[in-house]
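If you're matching them up, the sequences are chains A and B in order.
For the first sequence, position 84 matches number 84 in my numbering, and the numbering has no gaps at all.
Count along the second sequence from 1, add 271, and you get the number used in my numbering.
It is worth saying that the hints were derived from the structure and are not from the lab.
Given the structure is predicted, the values throughout are model-derived calculations rather than measurements.
Ideal placement from N, C-alpha and C gives every residue a C-beta, glycine not left out.
Please note that a few of the clues may not be correct.
[What the hints assert, rightly or not] Heads up, incomplete: computed chain A residues facing chain B, CB under 7 Å, no partners named:
#1 S159
#2 E162
#3 G168
#4 C169
#5 L172
#6 P181
#7 I182
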Amino acid sequence: MIRLSWFNVTSLTLGFAFLYLPMLLLIVYSFNESKLVTVWAGFSTKWYGELLTNDAYLDAAWVTIQVAVISSTIATVLGTMAALVLIRAGRFLGRTLFSGMIYAPLVMPEVITGLSLLLLFIGIGLDRGVFTIILAHTTFSMCYVSVVVSARLMSFDKSLEEAALDLGCSPLQAFRLVTLPIIAPSVISGWLLAFTLSLDDLVIASFTAGPSATTLPIKVWSSIRLGVSPEINALSTILIGIVAVGVIVASLISKHTMLRQLADENAAKRG
Amino acid sequence: MPEKTFEPWNDPTEKPLIEFKGVSKRFGSFTAIDNQTFDIYAKEFFALLGPSGCGKTTMMRMLAGFEAPTEGHILLGGQDMAPIPPNKRQVNMMFQSYALFPHLSVWENIAFGLKRDGKDKATIAARVDAMLKLTRLEKFSQRKPHQISGGQRQRVALARSLAKAPKLLLLDEPLGALDAKLRQETQFELMDIQEKTGTTFVIVTHDQEEAMTVASRVAVMDDGRIVQVDTPDRIYENPNSTYVADFIGDVTILEGRVTPVDGGFDLAFAEDQPAIYAKSSQHLASGQTAYLAIRPEKVSVTPEKPADRRNVIRGKILDIAYLGNLSTYHVALPGGQIIKAQTANTRRLANRPFTWEDEVWLSWTDTAAVLLER
Ligand SMILES: Nc1ncnc2c1ncn2[C@@H]1O[C@H](COP(=O)(O)OP(=O)(O)OP(=O)(O)O)[C@@H](O)[C@H]1O
Ligand SMILES: [Mg+2]
């Protein structure tokens, strides 16, 4: 073990404090007895209880999850397809335009994306609700998926697919049986990325959500304007908990697979 | 009754299995294959031999269907292959890079093609096990490709391409990573498979000895062109150019001017040396520049001047390469040319008759050397 110098210790502490102190405060105050956010009045979990009986929040949470799951799934399919075309189709007419158009939403200000989608939905007379949020989230998150997947495809050995064709696969079978299993980790991380992007999106969702459906970030944002309530602290704590568990599980799984591969390799060495 | 020799290329009634007709392949402005026309017959063991980058893999990829010829046609059994996708061709290829599926075990890799054919489980299992046995991979069947050695991977790739018993099998450097012994065994194994199944093989190799061992015919390539297609012995004994002579085996090439004399030519290759005579049916003009190629094992080395030979040259031993069963002598002529001579080491090394700096006589018969125009 390397002993840390006082300089390292200080900078580490400051850095982490900067990152996590606000969240820590939020978590602490979510257990506050008092309704006043800034005054500590003893430990209590009553805000969690109240949260569970608050239909508005629960509805918003349900909408958010629906939107995140469905939009990230569609975005993963479309984004993967776009990545395949970009990397595989070689130089076709309009390739530069196509790739530019796929990556443009990454740098487009969200306000503009949201506004243009809003205009479109109004223009074609689509009632705003869960469906329109899903559409909106799909359009912007598929770009992220296609970036992640195309990075993996670039290093993908094309002769593997050729070997599959050679052994009698149709191009579709070759994709399903060879390419997809090999690029699966990048597709999954693309999905996770799309999922989290959708989960915490406020701007685009507020343009495309309607009176019939609100997402959690919108709900939180609008409640804040009426003043910070301990209920929101409780809600945020739950969200932090979910995210933390997700991250830990994901890293454990990847560590586990790595260990298993290592064990495999060692077994192989022993013959 | 004498056994009928396998020479379909000499039989005008025989239909070739594969026909290349004026095939060119260009990558942008680079010509990888340059207007090639040749035939490969059913049950042949056809070897493509040539230096790196001469277009061997490109040739194979066109046969497998991964590259389309820029010009010309490839016919398989008389049918133009252009519209047929790789998965519909009765052709299997072993890739130079192996292209094993990293997410599947050795067993599943070999079974992959069989499963696509919709064979039943028992048939697949039997076939895969036979292939594992053939390539001696039984112990590794459950491993993933990254858990086995390079040579083992190469054997998996070989087993996978053999498993479907295709009409035409393309092997791109199938044995490069194997050690000499396993390599030789696998060569004989391949020849055995070929005899049993009647599959047509096209094999790419860097190793000329391998080509000579396994092939019914060898095509020597240079820079996108096939320079000569012939049986191994004819390629060796009757190369059509110095390029082929030099590429296959060891050779000494002497350049000079020819004068026709009794059924052959005298080649004057140096001012202070007598002309060398070679029997040849070539049509060469008197005074034309030509090349004489002579294999080291056809040159005898003697301490005394042999009386009965027409081609006799005196020189000094410059270098001796001891190869175990053979020794190759590099003999320098007074004019500086070097001629290689090879003798079998029938005696122990200690009794070796010559050593460095010895003056020796080199001699060979009238028919030992070939005269080449280029
Ligand atoms: N897709 C491609 N694009 C451009 N050039 C290519 C392509 N494929 C091959 N070439 C070129 O064509 C030539 C022949 O390549 P090929 O792979 O057939 O060589 P090879 O004879 O198999 O060599 P090696 O023995 O090293 O495998 C090379 O000069 C190579 O650079
Ligand atoms: Mg090659």
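| field | Interface hint outcome for I182 (chain A) [beta carbon to chain B under 7 Å] | value | With Cβ-Cβ at 6 Å, under 7 Å, it holds.
| request: Classify the hint on G168 (chain A) as holds or violated, based on whether any CB of chain B lies nearer than 7 Å to its CB. | output: It holds, given that the least Cβ distance between G168 (chain A) and chain B is near 4 Å, below 7 Å.
| said: Let's test the interface hint: is any C-beta of chain B closer than 7 Å to that of C169 (chain A)? | reply: Cβ of C169 (chain A) sits 6 Å from chain B, so the hint holds.
| task | Against chain B, run the beta carbon of S159 (chain A) and see if the smallest gap drops under 7 Å. | result | holds, 4 Å
| Hinted contact L172 (chain A) with chain B - closest CB pair below 7 Å | Violated. Min distance 11 Å.
| said: Holds or violated: the hint that P181 (chain A) contacts chain B, with Cβ atoms closer than 7 Å. | reply: holds, 5 Å
| Interface restraint verdict for E162 (chain A) against chain B (beta-carbon cut-off 7 Å) | Holds: closest Cβ of chain B sits about 5 Å from E162 (chain A), inside 7 Å.
Checked against the numbered hints given earlier, this structure breaks only hint 5.
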